[in-house]
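In the numbering used here, each residue carries its 1-based index in the sequence shown increased by 189.
Some clues are possibly wrong.
The calculated lysine-lysine pairs, modelled on BS3-like cross-linking and capped at a C-alpha distance of 30 Å, are [said to hold, decoys possible]: (1) K234 x K208; (2) K235 x K208; (3) K270 x K235; (4) K396 x K329; (5) K211 x K235; (6) K323 x K191; (7) K234 x K270; (8) K234 x K191; (9) K211 x K191; (10) K235 x K329; (11) K329 x K191; (12) K211 x K323; (13) K415 x K270; (14) K208 x K329; (15) K415 x K396; (16) K270 x K323; (17) K323 x K396; (18) K208 x K191; (19) K235 x K191; (20) K415 x K323; (21) K329 x K415; (22) K234 x K329.
Calculated directly from the structure, the hints in this document are not laboratory data.
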Amino acid sequence: MKVINNIREMQSFAESFRKSGKTIGFVPTMGFLHEGHLSLMRQAKKENDVVVASIFVNPTQFGPQEDLSRYPRDEEGDRAKCASAGVDHLFLPTAAEMYPEPPSVFVSIEGITDVLEGAIRPGHFRGVATVVTKLFNMVKPHRAYFGQKDFQQCAVIRRMTRGLDQDVEVIVLPTVREADGLAMSSRNSYLDANERRRAAVLFRALKAGEELIRAGVREPEQVRQKMRETLLTEQGIEIDYAEVADPDTLRPLEALSGRIVLLIAVRLGTTRLIDNLLVL
């Protein structure tokens with residue numbers, strides 16, 4: 190596995206792959222890799238000639254009071270995991286390489302970034318859209334792989350690629366979960382043993398909402414209330430939202446029919462956790 194730190198070198202490799210007719214699969218990450226990330230890399234390996242993964246903790250998607258400085262990092266371990274998953278090229282740029290000057294050009298997506306995560310973390314999705322666009326310009330992938338755990342992020346990136354006519358197929362794979370249902374996340378490392386046990390309530394709340402829908406409930410507020418009640422069965426849970434939304438627009442639903450996404454965000458101690466469940 191080759192490690193690349195320089196943008197121009199990454200672009201040169203990507204261009205040579207394309208000219209030789211090879212397809213590029215890309216998995217962008219912020220590192221501290223877990224099985225969720227590795228599942229994306231293995232899928233990319235099956236579907237492409239060359240797999241590129243990136244590790245970059247992007248400062249423009251963190252707010253002033255968020256966890257940029259303490260975001261977990263393990264570069265040595267991440268390198269070994271990428272190699273084991275079949276990654277051919279690991280792109281490891283520094284912040285100075287990605288942003289040699291204070292950022293003045295941003296990508297903004299309208300309509301789906303002012304609700305849920307966007308409402309709570311202003312500017313977050315502008316940072317996400319900007320860095321993903323930059324990475325697409327550097328890696329030049331045919332396909333890019335993301336996990337469903339970050340449901341709103343996936344919706345934003347899909348809309349971005351359509352709106353900017355980016356020649357990249359966005360592939361979203363199912364959330365990878367622990368045995369008790371907790372969605373795998375780098376931020377799970379913040380949880381102590383007691384918090385980790387309580388965190389399993391997120392998936393239980395989503396499943397409780399899904400059960401109501403499958404039982405014939407058509408009033409979204411009943412589902413929201415059931416998810417909130419389930420979350421509050423564990424001490425120390427602070428709910429940011431427990432929403433029932435349209436999967437495409439992410440707007441709250443007023444009646445239940447067709448495709449539905451249940452989305453949850455909570456704070457547990459000093460850790461913020463998100464999860465979702467798509468109900469078809």
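Outcome of the hint check:
1. A distance of roughly 19 Å separates the Cα atoms of K234 and K208; the hinted pair therefore holds under the 30 Å criterion.
2. Restraint check: the Cα-Cα separation between K235 and K208 comes to about 21 Å, which is no more than 30 Å; the hinted pair holds.
3. Restraint check for K270 and K235: the C-alpha separation of about 17 Å stays at or below 30 Å, so the hint holds.
4. For the proposed pair K396 and K329, the alpha carbon gap of about 38 Å is over 30 Å, so the pair is violated.
5. Pair hint K211 plus K235 holds up; C-alpha atoms about 13 Å apart against a cutoff of 30 Å.
6. As the CA atoms of K323 and K191 are separated by approximately 20 Å, the hinted pair is consistent with the 30 Å bound.
7. With a CA separation close to 14 Å, the supplied pair K234 and K270 stays within the 30 Å bound.
8. Taking the CA atoms of K234 and K191, the gap is near 15 Å; set against the 30 Å cutoff, the hint holds.
9. A threshold of 30 Å between alpha carbons decides the hint, and for K211 with K191 the separation of about 17 Å falls inside it, so the pair holds.
10. Simply put, K235 and K329 have alpha-carbon atoms about 18 Å apart, close enough for the 30 Å limit, and the pair holds.
11. Between K329 and K191, the direct Cα distance comes to roughly 17 Å. Compliance with the 30 Å bound is thereby established for this hinted pair.
12. Of the pairs offered as hints, the one joining K211 and K323 holds, with about 21 Å between alpha carbons and a cut-off of 30 Å not exceeded.
13. The straight-line distance between the Cα atoms of K415 and K270 is roughly 39 Å, outside the 30 Å bound, and the hint therefore fails.
14. For the suggested pair K208 and K329, the alpha carbons sit about 12 Å apart, so the restraint of at most 30 Å is met.
15. For the proposed pair K415 and K396, the alpha carbon gap of about 10 Å is at most 30 Å, so the pair holds.
16. Restraint check for K270 and K323: the C-alpha separation of about 24 Å stays at or below 30 Å, so the hint holds.
17. At most 30 Å may separate the alpha-carbon atoms for a hinted pair to count; K323 and K396 exceed this at roughly 37 Å.
18. Among the hinted pairs, K208 with K191 is consistent with the structure: their alpha-carbon atoms are about 19 Å apart, no more than 30 Å.
19. For the suggested pair K235 and K191, the alpha carbons sit about 19 Å apart, so the restraint of at most 30 Å is met.
20. Under the criterion of a C-alpha separation no larger than 30 Å, the hint pairing K415 with K323 is inconsistent with the structure, at around 41 Å.
21. Note on K329 and K415: the hinted pairing is violated, with a Cα-Cα distance of about 44 Å set against a maximum of 30 Å.
22. As the CA atoms of K234 and K329 are separated by approximately 16 Å, the hinted pair is consistent with the 30 Å bound.
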